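Protein chains in written order, with the working numbering: chain A, 14 to 469; chain B, 14 to 469; chain C, 14 to 469.
Hints in this document: simulated from the structure, not taken from any laboratory. Remember, it's a predicted structure, so these values are computed and weren't measured experimentally. Keep in mind that a hint or two might mislead.
Note that the list lumps identical chains together, so a pair holds whenever it fits in one copy or between two copies.
Result set (SDA-like, lysine to any residue): computed pairs, CA atoms no more than 25 angstroms apart in a straight line [unchecked claim]: (1) K326 x L190; (2) K249 x K433; (3) K249 x I378; (4) K249 x E131; (5) K249 x E463.
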Amino acid sequence: MPKYSRIIATSLFAVVFGLIPSVSFAQSTLNGETAFILNTFMFLMAGTLVMWMAAGFSMLEAGLVRAQNTATICLKNIVLYAIAGVMYYLIGYKLMYVDVPEGGFIGSFSLFYNPSAEELALMAAEDGADAAEAAAVYGSSDYSRMSDWFFQMVFVATAASIVSGTVAERIKLWPFLIFVAVLTGFIYPIQGAWSWGTGWLDAMGFSDFAGSTIVHSVGGWAALTGAIILGPRAGKYGADGRIHPFPGANMPLATLGTFILWMGWFGFNGGSVLALGSAKAATAMSVVFVNTNLAAAAGCIVSMIYAALRFGKPDLTVVLNGALAGLVAITAGPDIGNPAIAMLIGAIGGLLSTIAIPLFDKVKIDDVVGALSVHLVAGIWGTLAVAIFSTGDYLAQIAGILAIGVFVSITSSIVWIVLKYTIGIRVDERHERYGLDHAEVGLEAYPDFEIRRAGG
Amino acid sequence: MPKYSRIIATSLFAVVFGLIPSVSFAQSTLNGETAFILNTFMFLMAGTLVMWMAAGFSMLEAGLVRAQNTATICLKNIVLYAIAGVMYYLIGYKLMYVDVPEGGFIGSFSLFYNPSAEELALMAAEDGADAAEAAAVYGSSDYSRMSDWFFQMVFVATAASIVSGTVAERIKLWPFLIFVAVLTGFIYPIQGAWSWGTGWLDAMGFSDFAGSTIVHSVGGWAALTGAIILGPRAGKYGADGRIHPFPGANMPLATLGTFILWMGWFGFNGGSVLALGSAKAATAMSVVFVNTNLAAAAGCIVSMIYAALRFGKPDLTVVLNGALAGLVAITAGPDIGNPAIAMLIGAIGGLLSTIAIPLFDKVKIDDVVGALSVHLVAGIWGTLAVAIFSTGDYLAQIAGILAIGVFVSITSSIVWIVLKYTIGIRVDERHERYGLDHAEVGLEAYPDFEIRRAGG
Amino acid sequence: MPKYSRIIATSLFAVVFGLIPSVSFAQSTLNGETAFILNTFMFLMAGTLVMWMAAGFSMLEAGLVRAQNTATICLKNIVLYAIAGVMYYLIGYKLMYVDVPEGGFIGSFSLFYNPSAEELALMAAEDGADAAEAAAVYGSSDYSRMSDWFFQMVFVATAASIVSGTVAERIKLWPFLIFVAVLTGFIYPIQGAWSWGTGWLDAMGFSDFAGSTIVHSVGGWAALTGAIILGPRAGKYGADGRIHPFPGANMPLATLGTFILWMGWFGFNGGSVLALGSAKAATAMSVVFVNTNLAAAAGCIVSMIYAALRFGKPDLTVVLNGALAGLVAITAGPDIGNPAIAMLIGAIGGLLSTIAIPLFDKVKIDDVVGALSVHLVAGIWGTLAVAIFSTGDYLAQIAGILAIGVFVSITSSIVWIVLKYTIGIRVDERHERYGLDHAEVGLEAYPDFEIRRAGG
């Protein structure tokens with residue numbers, strides 16, 4: 014039985030050379046390499062699903078803007094995803110995760126997050142003669158470094174995607190992209206260091222499983238400050254106090270975007286178990302999938318019923334946002350043991366989000382796609398729900414919501430204001446009325462179609 | 014070698030406390046926890062692919078209805094997915110799978126399907142001190158309970174998605190959703206108990222690997238009775254006997270929907286191996302993927318050639334449906350060892366479906382998207398094909414097709430008729446001609462586009 | 014501990030009967046069956062992502078053609094995927110991979126690639142009594158045969174998808190499909206045998222990890238010869254030397270297609286590690302995912318900046334193609350240890366592709382979607398980059414690029430020319446100006462929408 018002797022030899026080698034410290038998968042009966050592989054592969058698959066959410070936001074927003082602004086929102090969404098990846102590689106990841114002092118505020122200011130020397134040695138080793146190199150890798154980490162980077166990177170892209178919808182239809186392309194670079198390279202990672210990076214909020218007991226606050230509300234606060242500083246779209250709020258609806262141009266695209274987001278959210282919440290190498294992790298992941306689905310379903314159904322009762326008919330955009338609000342709401346605690354509670358959390362998320370939509374309009378904060386209601390309002394709700402229904406601590410949850418809200422709002426405002434008074438953030442009103450696609454991107458989204466100029 | 018001593022200690026503990034009964038992964042050389050993880054993760058990944066099919070049906074149907082009914086079909090599709098999940102959680106899963114008597118007709122009438130006490134104990138245990146809790150979980154089940162629930166839930170949603178396409182463009186929103194709730198909470202689970210729930214059809218030897226009959230024909234029968242009771246769309250069948258085509262408004266969306274369904278079907282059929290924790294399961298799953306792809310390819314190509322020969326040109330919608338019919342046809346037996354036979358089964362499925370489309374029109378059964386031809390006709394064919402080409406028993410296959418067909422047709426008809434004579438199931442003809450989007454959802458799907466009113 | 018005795022008995026049995034030769038996963042500490050399962054499942058998941066790229070090409074091309082040609086391009090794309098699968102099953106896979114002589118030129122000319130006898134025996138064995146059958150399978154191969162077939166098949170489909178975009182809007186349906194059958198059954202597999210099939214280019218040291226040349230340039234050369242022999246679209250190049258832009262009809266679809274391709278590329282490059290059953294494979298796969306993403310991001314950003322500087326505004330189609338060019342460029346060497354170099358490779362790929370687009374127009378080679386710039390130009394660049402930045406050998410890389418380019422160009426030209434002078438490859442100019450959808454497919458892509466006839 015050469016295999017067993019090889020395993021034993023490798024293990025002995027590893028033990029003798031001190032390569033296998035006690036790591037966190039220790040509790041499972043899996044061999045260390047198997048657990049390493051499963052954890053790594055899980056990050057890659059879940060990360061791919063979350064990457065797909067960037068397409069979901071694109072389609073949702075492309076469906077909810079007017080036809081003359083559609084190419085611009087597509088361009089913004091694919092480029093913001095690209096920028097998020099580059100900035101998080103250049104600086105963001107290390108700020109968030111590397112050498113954050115216990116209870117501290119920020120990680121390492123240094124460029125590039127790369128494979129470890131041990132990983133590079135393993136990749137370069139000859140097949141069949143790499144036992145020591147392999148043991149050095151799986152003995153010192155539960156998963157490959159870059160698989161974790163990939164998974165965390167798609168989260169920062171999500172936060173950026175949230176912003177683009179709110180400020181659509183009147184923001185200039187380039188300042189928006191600069192804002193995204195700052196958000197994904199600095200603002201998001203610094204607040205992320207406080208909690209997921211094991212900084213002060215983590216020490217305080219703040220609990221946000223997959224990021225109702227850390228991802229969704231962060232995007233929400235950045236979007237809120239942007240919407241305020243940018244002002245509403247031309248013609249949105251009439252002098253007579255009337256609110257003019259600017260209906261989205263393409264409802265099936267918005268529906269597709271919502272389905273994509275719903276699908277991607279299984280990776281978002283499921284992958285946030287951060288492991289697959291034990292029965293415990295697999296069991297928790299299953300519960301997370303189910304809760305995620307039921308919360309979305311409940312948010313969808315409740316918002317439909319509420320819209321039907323209040324407005325007479327169940328506006329499709331309200332229902333789509335209701336499902337998304339259910340997803341955002343469960344994101345802080347999708348590992349709750351009772352799926353019925355997850356449904357309740359999602360239902361309340363959908364309801365709060367639906368109620369919030371007209372309130373933002375009332376105070377003339379113009380949110381093109383309803384992202385504030387979905388990501389900020391339901392994000393806050395979901396974070397509180399961890400204290401109400403689960404093991405979360407009220408004080409820590411409120412502290413986290415407030416601290417992150419204040420930090421992101423202030424830093425975002427500074428960036429928006431600097432951009433506003435330097436290169437300007439708003440397109441000419443003439444361009445806005447005629448459509449950003451011509452002014453900013455130089456083409457039409459639907460050139461073969463007869464378009465009735467809507468709104469504006 | 015502390016790992017081995019830990020494994021041994023855990024195993025001893027488990028054996029002593031009787032936690033490891035003989036379970037079905039016993040034949041593999043994997044350790045029990047590894048198999049548990051792989052089976053569970055497979056259900057989650059495959060289930061995510063099947064969930065994605067809900068988006069596929071949405072896009073297919075959004076592409077195949079007329080522009081003025083597009084938002085309504087989007088709304089129905091996302092809400093039906095939500096309802097299916099909630100109903101299956103509330104009541105359906107237990108009716109189908111829990112405590113079905115051997116050879117029996119129905120499972121347990123009780124609310125909520127939740128994680129087991131052992132699973133909750135494992136999730137709550139401290140990392141590193143959870144060996145006994147973990148052994149209790151993977152020792153008593155091959156996969157986590159909720160991963161199986163998730164996988165089964167997306168199947169019931171598929172059955173519901175089939176209905177929406179057939180009855181589109183004239184059914185009212187709310188009665189449709191009520192029907193979906195009954196279908197997914199009761200009708201589908203009860204017939205499912207007969208076979209997959211190890212009831213009387215299973216005892217008889219009925220074989221339907223991933224549900225040509227149990228999922229697709231069930232959706233088909235429910236749709237057929239709906240189409241008959243509802244009647245055809247206004248203007249579809251002229252007084253002079255002429256059939257008026259109402260072409261779908263958005264062919265790329267329909268194409269996208271078909272691609273999504275094709276992709277999701279790898280999860281649908283592949284995941285129906287129900288395991289990944291052995292070389293046998295992995296080998297079978299590979300064969301299933303290949304057969305699924307080749308059957309779809311053959312259905313696609315054959316329907317194109319047939320349409321070109323018969324109608325002069327290969328109508329895109331026929332080709333899309335041909336691919337789907339190939340998929341439905343192979344679903345009852347995708348584990349057949351010879352992929353060439355799978356191609357043949359798919360080819361015949363595509364052919365039968367293409368031939369069937371005009372026949373439904375001839376008897377004035379108005380099926381907006383061709384779902385009856387695809388899911389019912391090819392579903393029956395695929396179920397018979399298991400007897401013709403594989404290990405299936407003719408009698409059992411025919412018994413299953415008939416019993417399920419009769420049961421679903423009768424129960425569906427009752428629900429449709431009750432709805433018809435209470436709240437009504439059909440929109441006003443005026444609303445139908447003007448479009449359901451205004452009447453039922455209160456918005457337009459494409460408000461910025463100049464629409465020529467097509468059909469009606 | 015019955016499990017261990019069973020493992021030992023199985024292993025003994027396998028050793029005695031010579032069923033476990035030394036196979037390549039030998040270096041990992043995983044048991045052979047676990048590695049077999051992980052490798053197999055990885056091929057299936059990665060293959061599903063690559064299959065999804067067929068939908069990506071469909072949506073990209075459907076968005077970039079004019080409205081009157083949209084249904085045709087949808088039809089071509091789904092049918093080409095079907096044909097690629099059938100041809101690769103019938104003949105292609107064996108030509109490429111089975112019995113290629115060491116350093117040789119071609120594999121086995123025989124029909125059908127099916128599961129092995131050992132695999133069929135395992136699938137037929139009783140659960141719990143299949144230890145010997147299982148050992149025979151995982152002892153003789155690292156993964157199931159059909160999982161590898163599936164993964165390789167979706168690659169040949171990708172090569173075919175590249176062709177359809179370039180020759181769109183004027184090629185007839187049937188000759189195009191015949192070309193696809195020859196490309197996927199013969200041309201692609203034969204050149205593939207030279208490298209991945211361990212033929213003469215492999216012996217020479219040619220290195221193309223996931224196919225910058227073997228897949229993307231092959232599609233590019235086939236498309237280039239097609240575009241030349243077919244000629245440009247009517248009205249594209251004016252008599253006065255002016256180039257008339259024919260803008261794509263649906264930008265959000267093109268954006269969706271790009272996102273789908275980006276997502277699918279994680280399977281394309283990640284799966285090309287060809288294993289998951291060791292820490293080494295998992296580590297390499299993570300690096301591949303990250304490099305793939307960063308190269309795409311860099312290509313996207315650089316092409317946007319270049320387009321803005323050169324044309325004043327960042328044309329969305331240029332940016333989408335820039336991201337794709339970054340992906341193509343990194344495909345030959347995505348396992349490079351330094352992600353910053355991957356970014357550089359992607360950036361140069363995006364830049365070269367963007368520069369190339371007007372050059373093709375200058376020589377009146379009419380490429381509807383820019384596929385030549387993306388897949389051929391960036392494919393050549395990426396293959397060279399392996400020599401510049403990594404372990405590749407300049408001579409071998411250039412030899413591979415040239416040999417494959419010459420072979421594919423000559424064989425493709427022969428097929429195109431034979432088709433041209435037999436059944437004809439070009440639609441009537443009248444049909445071309447009115448749109449291929451009516452002439453070739455017999456329906457409209459957007460029948461409910463008022464279309465302004467664009468171009469032509």
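The hints, checked one at a time:
1. Within a single copy, K326 and L190 get their C-alpha atoms only as close as 38 angstroms, which misses the 25 angstroms cut-off; across copies the closest is 14 angstroms, which meets it.
2. Taking the closest pair of Cα atoms, K249 and K433 come within 25 angstroms of each other only inside a single copy of the chain (21 angstroms); across copies the shortest separation is 43 angstroms, beyond that limit.
3. Proximity of K249 to I378 under the C-alpha cut-off of 25 angstroms is restricted to the intra-copy arrangement: shortest distance 10 angstroms within a copy versus 47 angstroms between copies.
4. Taking identical chains as interchangeable, the C-alpha atoms of K249 and E131 are never at most 25 angstroms apart, the minima being 57 angstroms within one chain and 56 angstroms between chains.
5. Within a single copy, K249 and E463 get their C-alpha atoms as close as 24 angstroms, and across copies as close as 22 angstroms, so both meet the 25 angstroms cut-off.
Of the hints listed earlier, the one the structure fails to meet is number 4.
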